[in-house]
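S.K.: One letter stands for each residue in the lines below.
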Amino acid sequence: MAKSKTKKPGQTAEVRARSREKLKFLAEMEPKKMIIYPLVVFIAALLLLAVHFPPLGIDLKGGVVVTGEGISANPGQLEKELSSKLGVEVHVESFTSVSGSKGIRVYAPAETDPQKIIDILKEKYPNADFTHSEVQPTFGEMAKKQGTRAIIFAFIAMAVVVFLFFRNPVSSLAIIFSALSDMTIAVAVMGIFGIQLTTATIAALLMLIGYTVDSNILLTTKLTKRKEDTIEEAYLSAVSTGFTMSTTTLGALLMLWIISTSPVLDNIAAVLIFGLLADFMNTWVFNAGVLRWYLSRGVEL
Amino acid sequence: MNRKLKKILLNWKVLLLIIFLIGSIGSLYARGLTFGIDISGGVALVAQTEEPVDSKTMELVVDSLQKRLNTFGLRDISVEGQGNSIIVVKVANVTSTEEANQLKVVIESQGVFFMEFDGVIFGTGKDITYVGPYEIKPDNSWAVPFRISKSAAEKFAELAKGKAGWPVDMFLDPPINSLLVVPQDVFMTMNGTGFNAGAPDAPPLAVRIEKALNITAVMYTNQSAKELKEMANGRTIVLAGVPRALYDQLKAMNVSVKYIQSEAGTDTTTFIKEILGLYGPYSLGEGLANGVPQTDVQITGHAANRVEAEREAKTVYTVLKSGSLPVKLRVISMEFISPKLGQDFKNQALYAGLAALIAVLLIVYFHYRNWKIAIPVASTSLFEIIIILGIAALIKWNLDLPSIAGIIAAIGTGVDQQVVITDELLGGERSAKITRRAGALKRIGRAFFIIFASAATTIAAMSFLLVYFVGTLKGFAVTTIIGVLIGIFVTRPAYAEVAKYLIGEE
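Protein sequence lines, in the order shown, are assigned to chains B and P.
Anchor point for the first sequence: position 5 equals 5 in the working numbering, and the numbering is continuous, going up by one each time.
Anchor point for the second sequence: position 362 equals 362 in the working numbering, and the numbering is continuous, going up by one each time.
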């Protein structure tokens, strides 16, 4: 450590000053615009959800999935072949694992016998390794109910904790709205990319509540509790910290997403990435706009 | 420098971290990690009870299912009841899909068993505490000894007093609470003495099942679907050997209805047994009719030849043995992961974890251009992983994929909070950097306000996942909560101390 490459003392401060310079455009934005843009995005996300909700995964609607590793096949062709042999409509996807081996996933409706799918595939690919799961629609129904309940309760719990910490309706509501908008945008983007809503992605949405509140609490604390700085200065210092926070987390999640081939891990990472990107806007533009507008009216928070 | 280093190492917050680290490495070494079946390979099944049950019944179901699967010759089984209707079964070391499907059959074929005498249920499957090996005698008579609970024995003794030779009925999955619509011959047989085991004074079968199981048998005399619906009065209608058209009509009227086909060539007695899931009736032995409770009892019978006797005895044995569930189960979700695929996932999670740490190290360095910040931040995250894993080993938590995702998520928030601490310590403008001790304390205090507030919200959110979710996602909540707690109480305070020392020096 003694021979660290930090030759000049103060290099850290310089780098930080430069990144602040880059983020200055945010500080100069008009509060009203800062509130309106994210609201437009939120409403767009809501509209998008109304017309195109993410597909439900088999653990929420019921169905059968057979995964075969060590199979290199044309998904379209295999799909036709399996559909005609089984007499039900199946969907086939292919994937490549990090070790380079190829595999396929076969999705079939509930009540299909996974053994039959495996038997057909085994004939063609005797050396493949198979895994299967099947979910009855009743389980999906239950998981859906529980997932909705978990999200609603978690959200309420978060809102209560935020209220207890800040005891101010404007700043608390701004945080709660940010969290809501993060989740809504994340779900809307899932719809765009065709990422299924599963119990795993519901967990990721819950996790998002934790992440979102992090940066929002940071912003609110800095803007309302740090009296020695000007609002602009406090905002800039918060946004540069927030930028560092988000990029490190994004980096970690990106690694998880790139390296894993497990659908569970992939989907959790993807949803968190969408949510964090949305959070950047909602915290540093929307929430900051609300707080700056509110503080500019000379109210004591 | 050395004195300063010593001072930082002896700081109690840093010491606490070191103690936790040593403890975790020790725990990992001594107990090792256990992995969930989605990594080690195996089957995860979620079964639902036919109707919601109380916690006592749930315990019984879990217990008997565990025993049953154990006798099936499987190892590494975990059976867990969740809520009032869900049972999660996980079996490791299952290597083929065939084996996995067999498990499903075993769980679903668990019947609900009733023992009835004189129209009274005196015991169910849970009252059978032991079933002995059956025996066949040279005269082709057979016997299956079994033990019933004390309460069942007492109830039975009272009922059976002075009724030697009366019929004892056993049912496996009878259509309880139903209106049973049958053809004339079936109806007559049920109301005659054919099912009385040679005791003409005993009430006929139709009376016994009505009293004991609320099954009302009616003769089919061209009643309309509407009439039957009225007669059923909300109960399930069971159509046995009557025109199929009735089934479709009732179904269209949204009535709960079941249809049992009568196979050509089956005699009436066999058909009745099939409809009711009836075993017996068995004649009550003299020794049991004296009013004295006896827990060790046996069912006896006589067959025409040895093969027949063997078959009968075996049937009764299996029914007694497998009918020990108080409620019927249905498998509603099942997942099979081959050990090879699981191994891949484990490696990927390991690589992803390492890559995430390296990414954090590089990004933090890039932001501050200072290894004195980047290295402690990344190492703190590494320590956090080690401690979470250490605790997982200690409490024998099964690490499954969602748990691993939870660990990675916890690292994400951990890094966030370290950045908050770092930035608070670095302060705003360079000119404002008159960092006195009081200033640093105040800044750290502010950082910890933020950290506690976000930890509180994360824990609040995750607790609901823990309480309200069934199935496999609990691991995610558990590791996240452990991670957050370790973060706020152990790693973050230690990081703050180290950072104060390293950054303050600059």
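Hints are not guaranteed to be accurate.
[Unchecked claim] Computed cross-link-like contacts, SDA-like style, restricted to lysine to any residue with a CA-CA straight-line distance of at most 20 Å:
(1) P:Lys346 - B:Asp129
(2) P:Lys340 - B:Glu21
(3) P:Lys340 - B:Ser72
(4) B:Lys144 - P:Gln102
(5) B:Lys122 - P:Gln82
(6) P:Lys340 - B:Tyr125
(7) P:Lys340 - B:Val40
(8) P:Lys340 - B:Gly100
(9) B:Lys61 - B:Gly100
Rather than coming from a laboratory, the hints here were simulated on the basis of the structure.
Bear in mind that the values here come from a model prediction, so they are computed numbers and not experimental data.
S.K.: Check the hint pairing lysine 340 of chain P with serine 72 of chain B against an upper bound of 20 Å on the C-alpha distance.
M.R.: 17 Å, holds
S.K.: When you check the alpha-carbon spacing of lysine 61 of chain B and glycine 100 of chain B, does it fall within 20 Å?
M.R.: 32 Å, violated
S.K.: Taking 20 Å as the top limit, are the C-alpha atoms of lysine 122 of chain B and glutamine 82 of chain P close enough?
M.R.: Measuring from Cα to Cα gives roughly 36 Å; hence the hint is violated.
S.K.: Compare the distance between the alpha carbons of lysine 340 of chain P and glutamate 21 of chain B with 20 Å, and conclude whether the hinted pair is satisfied.
M.R.: Given pair lysine 340 of chain P, glutamate 21 of chain B is violated - Cα atoms ~51 Å apart, limit 20 Å.
S.K.: Does the structure keep lysine 340 of chain P and glycine 100 of chain B at a Cα separation of 20 Å or less?
M.R.: The hint holds at about 15 Å.
S.K.: Taking only the CA atoms, is the gap from lysine 346 of chain P to aspartate 129 of chain B under or equal to 20 Å?
M.R.: 16 Å, holds
S.K.: Hint check: lysine 340 of chain P vs valine 40 of chain B, CA-CA at most 20 Å. Holds or violated?
M.R.: 48 Å, violated
S.K.: Does lysine 144 of chain B pair with glutamine 102 of chain P here, judged by a C-alpha cut-off of 20 Å?
M.R.: 28 Å, violated
S.K.: Given the hint that lysine 340 of chain P pairs with tyrosine 125 of chain B, does the C-alpha gap stay at or below 20 Å?
M.R.: 16 Å, holds
Violated hints for the displayed structure, listed by number in ascending order: 2, 4, 5, 7, 9.
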